[in-house]
Amino acid sequence: MTKVSVVISTYNGKRYLKQQLDSIRRQTQTADECILVDDHSTDGSDRLVQDYITSQNLGDSWHFSRNPHNLGFIRSFGIALSQATGDIIFFADQDDVWERNKIASMCAIMEKYPQIQSLCTSFTQIDADGKRQYTRNPILTENNGLILFKKMKKNGVYRIPCGDILKRNISMGCAMAIRRDLAEAYLARENWENIPHDWALNLLAALREGLYFWNCKMIRYRLHENNTIGLMNGCQSAIAYRIREYDRYLSCYPRFYELLMDTPDHPSDLAALRRAQRLYQMKKKMLQSQTPGAVLKAAAAGARGQGMEALLVLTDAAVIMKEKLSQYIRY
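When you read off a place in the sequence shown, starting at 1, and then add 1305, the result is the number in the working numbering.
Among these hints, one or two may not hold up.
Straight line, CA to CA, 27 Å or less: simulated DSS-like cross-link-like pairs of lysine-lysine [as the list claims (entries may be wrong)]: (1) K1590 <-> K1472; (2) K1417 <-> K1459; (3) K1522 <-> K1308; (4) K1323 <-> K1308; (5) K1522 <-> K1456; (6) K1472 <-> K1589.
In case anyone wonders, no lab produced these hints; they're calculated from the structure.
Please take these sequences and the hints and turn them into a complete structure.
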């Protein structure tokens, strides 16, 4: 029988943590083990987890450890992943809420399609108080804007090509499940530097033609002022958020070049990565300039030769104009 692991890294997440732990414990198909690594919290998150395990009599299958000092979420999740022994491994964030059938449903999909290495799902957005946020996918996107230039049927299962995941990640780790051999391939490679574990795992899966997206909402993803990474919340400037995101993309691309060079038969993906690098350099430059003339000039230059991706440049131009207009009205 397939063994299921859940891995969680916690850090100063006490406010929402119990609700997430409850949603994992109450799954219709329970996990065989849950690996919880606290990244040296200072708000009592570590004590909360230990008390929860004791009060719910979970000591046989839920295993807790605490990092001696703060390592950051990438390394902390790596430690948790290295301790997991399941055939299928789920990642969980500390502040979300899982739908009750998440484990059972995603395991069933992975059993039906054995070629899947990483299965990503969609999600419902909730606010800090757990209230559902009614949102639509931006035009020509799926999965709350994370998957570009695709139209997908509800509940459909789709393979995501390598060229798509090179540009930007299509899913947060909290909406993913991976197979054991993909985890081993990730852990065997050193020097991931600052590349988020979910993006790196999805890229490795895509290189094996095993990255899939299931268009079904399996978690409630909480947006609040302390999100480590992910979608923009209402407390942020859209321009500052995008510049930070593009910086993150650009910092990952050199490592992706190395991976592609180590993997034969991916010349088109190398070309796609070069295009993505040029595109996000242009988008970042445009956002930093913010003057109308520079924006229009950069938008025109960025749009040339990009095909459908020209729309991404124009969206940034619209974001700048909207933010500038709101500042003008406010003053």
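Consistency of the hints with the structure:
no.	hint	result
1	K1590 <-> K1472	holds (17 Å)
2	K1417 <-> K1459	holds (18 Å)
3	K1522 <-> K1308	holds (23 Å)
4	K1323 <-> K1308	holds (24 Å)
5	K1522 <-> K1456	holds (16 Å)
6	K1472 <-> K1589	holds (14 Å)
When the structure is compared with the earlier hints, no violation turns up for any of them.
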